[in-house]
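**Q** Residue numbers (UniProt numbering): 1 to 309.
Don't take each hint at face value.
What the hints assert, rightly or not - Listed below are the simulated DSSO-like cross-link pairs for lysine-lysine, each with C-alpha atoms no more than 27 Å apart in a straight line:
#	residue 1	residue 2
1	LYS248	LYS226
2	LYS216	LYS202
3	LYS248	LYS216
4	LYS248	LYS278
5	LYS226	LYS216
As the list claims (entries may be wrong) - Quick list of the computed label-pair ranges, beta carbon to beta carbon:
#	residue 1	residue 2	range
6	PRO222	MET145	40 to 50 Å
7	ASP287	LYS226	26 to 36 Å
8	GLU108	ASN196	39 to 49 Å
9	ALA296	LEU266	35 to 45 Å
10	GLU146	TYR270	20 to 30 Å
11	GLU134	GLN271	21 to 31 Å
12	GLU146	THR208	55 to 65 Å
13	PRO222	ASN280	20 to 30 Å
14	ASP190	THR86	12 to 22 Å
15	SER307	VAL199	49 to 59 Å
16	THR140	GLN207	46 to 56 Å
Hints are computed from structural coordinates only; laboratory data are not their basis. Ideal placement from N, C-alpha and C gives every residue a C-beta, glycine not left out.
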Amino acid sequence: MTGLEDYLNFVRPCLSSAQLTYPPEGWANYLHWLNSLSQLPVNPTRENPPPEDPNPGDLSPYVKNGGCRHVFITSGGTSVPLERNTVRSIENFSTGRRGAELAETFLEHGWKVTYLYKSGSHKPYIRHGIRAIETGDVATVQEIMETYTRHRDNLYLLQYTTLGEYFHLLGYVLNTKAQSIVFLAAAVADFYIPYNDMVEHKIQSRQTDFSLHLSKTPKALPLIRKLASGQYLVTFKLETDIGILKTKMLEQHATADSDMIVGNLLATRYQEVSLLYKCNDGSTHLDDRPQALRSADIARLVMEHASAG
1 MTGLEDYLNF
11 VRPCLSSAQL
21 TYPPEGWANY
31 LHWLNSLSQL
41 PVNPTRENPP
51 PEDPNPGDLS
61 PYVKNGGCRH
71 VFITSGGTSV
81 PLERNTVRSI
91 ENFSTGRRGA
101 ELAETFLEHG
111 WKVTYLYKSG
121 SHKPYIRHGI
131 RAIETGDVAT
141 VQEIMETYTR
151 HRDNLYLLQY
161 TTLGEYFHLL
171 GYVLNTKAQS
181 IVFLAAAVAD
191 FYIPYNDMVE
201 HKIQSRQTDF
211 SLHLSKTPKA
221 LPLIRKLASG
231 QYLVTFKLET
241 DIGILKTKML
251 EQHATADSDM
261 IVGNLLATRY
271 QEVSLLYKCN
281 DGSTHLDDRP
291 QALRSADIAR
301 LVMEHASAG
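Build out the structure end to end from the sequences listed, making use of the hints.
**A** So, in structure tokens, the structure goes:
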């Protein structure tokens, strides 16, 4: 079974007959998204191969009546290689904890979850098992195994490492149109090194000084919003300076037209968040007072807002 067939079998209950237009329209949208990046001076996806079996063809074998509850969550950081034969890289900070917590909450509420995560970052449930194994807590390990087994049929894991891999898989999943909620919780690198500017082999340590020139990563949120048309889109904004957080959240909303933006500060990111979200009347509400909301609280709030919309 190809990777495409495997994934489409997972989202089959969430596809509707209206999505049979995917071959000419959905795939064209995906290619348009990648082409929009390639028209810029620099393009992080240019040297990455497309996903396996990229042309989905006829979706009819996978379609039932649609309507299942399905959320797509991205999680973890991104890796920017410094060499073509990569030994060294620049990593965007993210443990993936929030994404894993969001996924666990949706699974507990009976949702199907597609989880796109950075290699080495937290995965739902498995993260608890690692801690329990390290402390020798056999009872907790058993409990986690039982919980994971109960939910694993509703969880689809997709792994990426580099910035280019992330972009490809993101468009690949969004174009199924199978999800009703999208969480972009991954920390995407703002700068990278174009493939043509990379050295081929390992950078040698005998150099006494070493300088890097990084290029700006194209802002893909407006294109992602188009791909996620009709889906409840949640984005995140992390800062270290509270003085600019509100401004950055408003700027991101203007650019991406997110349905909800979760803003937080690095030092208190697991304890407090600020929220910007669309109201039912079309207006936008910004509550920039830090709130003690856990990831599970955010997930439940999004479920309420998405169903109300």
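**Q** Please go over all the hints and tell whether each is borne out by the structure.
**A** Hint by hint, here is what the structure shows:
1. For the hint pairing LYS248 with LYS226, the CA-to-CA distance comes to about 21 Å; that is within 27 Å, so the pair holds.
2. About 23 Å separates the Cα atoms of LYS216 and LYS202, which keeps this hinted pair within 27 Å; it holds.
3. With a CA separation close to 17 Å, the supplied pair LYS248 and LYS216 stays within the 27 Å bound.
4. The straight-line distance between the Cα atoms of LYS248 and LYS278 is roughly 17 Å, inside the 27 Å bound, and the hint therefore holds.
5. The straight-line distance between the Cα atoms of LYS226 and LYS216 is roughly 22 Å, inside the 27 Å bound, and the hint therefore holds.
6. Between PRO222 and MET145 the Cβ separation comes to about 42 Å, which falls inside the hinted range of 40 to 50 Å.
7. For the hinted restraint 26 to 36 Å between ASP287 and LYS226, the CB-CB distance of approximately 27 Å keeps it satisfied.
8. Checking the proposed 39 to 49 Å range against GLU108 and ASN196 shows it holds: the Cβ atoms sit about 46 Å from each other.
9. ALA296 and LEU266 have their C-beta atoms about 21 Å apart, which leaves the hinted 35 to 45 Å range violated.
10. Between GLU146 and TYR270 the CB atoms are about 26 Å apart, so this pair conforms to the stated range of 20 to 30 Å.
11. Remark: the range hint 21 to 31 Å for GLU134 to GLN271 is upheld by a beta-carbon distance near 24 Å.
12. Between GLU146 and THR208 the beta carbon distance is about 56 Å. The supplied range of 55 to 65 Å therefore holds.
13. Distance hint for PRO222 and ASN280: a CB-CB separation of about 24 Å, consistent with the stated range 20 to 30 Å.
14. Range check, ASP190 to THR86: about 19 Å between beta-carbon atoms, so the 12 to 22 Å window is met.
15. At about 51 Å, the CB distance of SER307 to VAL199 agrees with the hint of 49 to 59 Å.
16. Between THR140 and GLN207 the C-beta distance comes to about 48 Å, which sits within the given range of 46 to 56 Å.
The structure fails hint 9 only (numbered hints given earlier).
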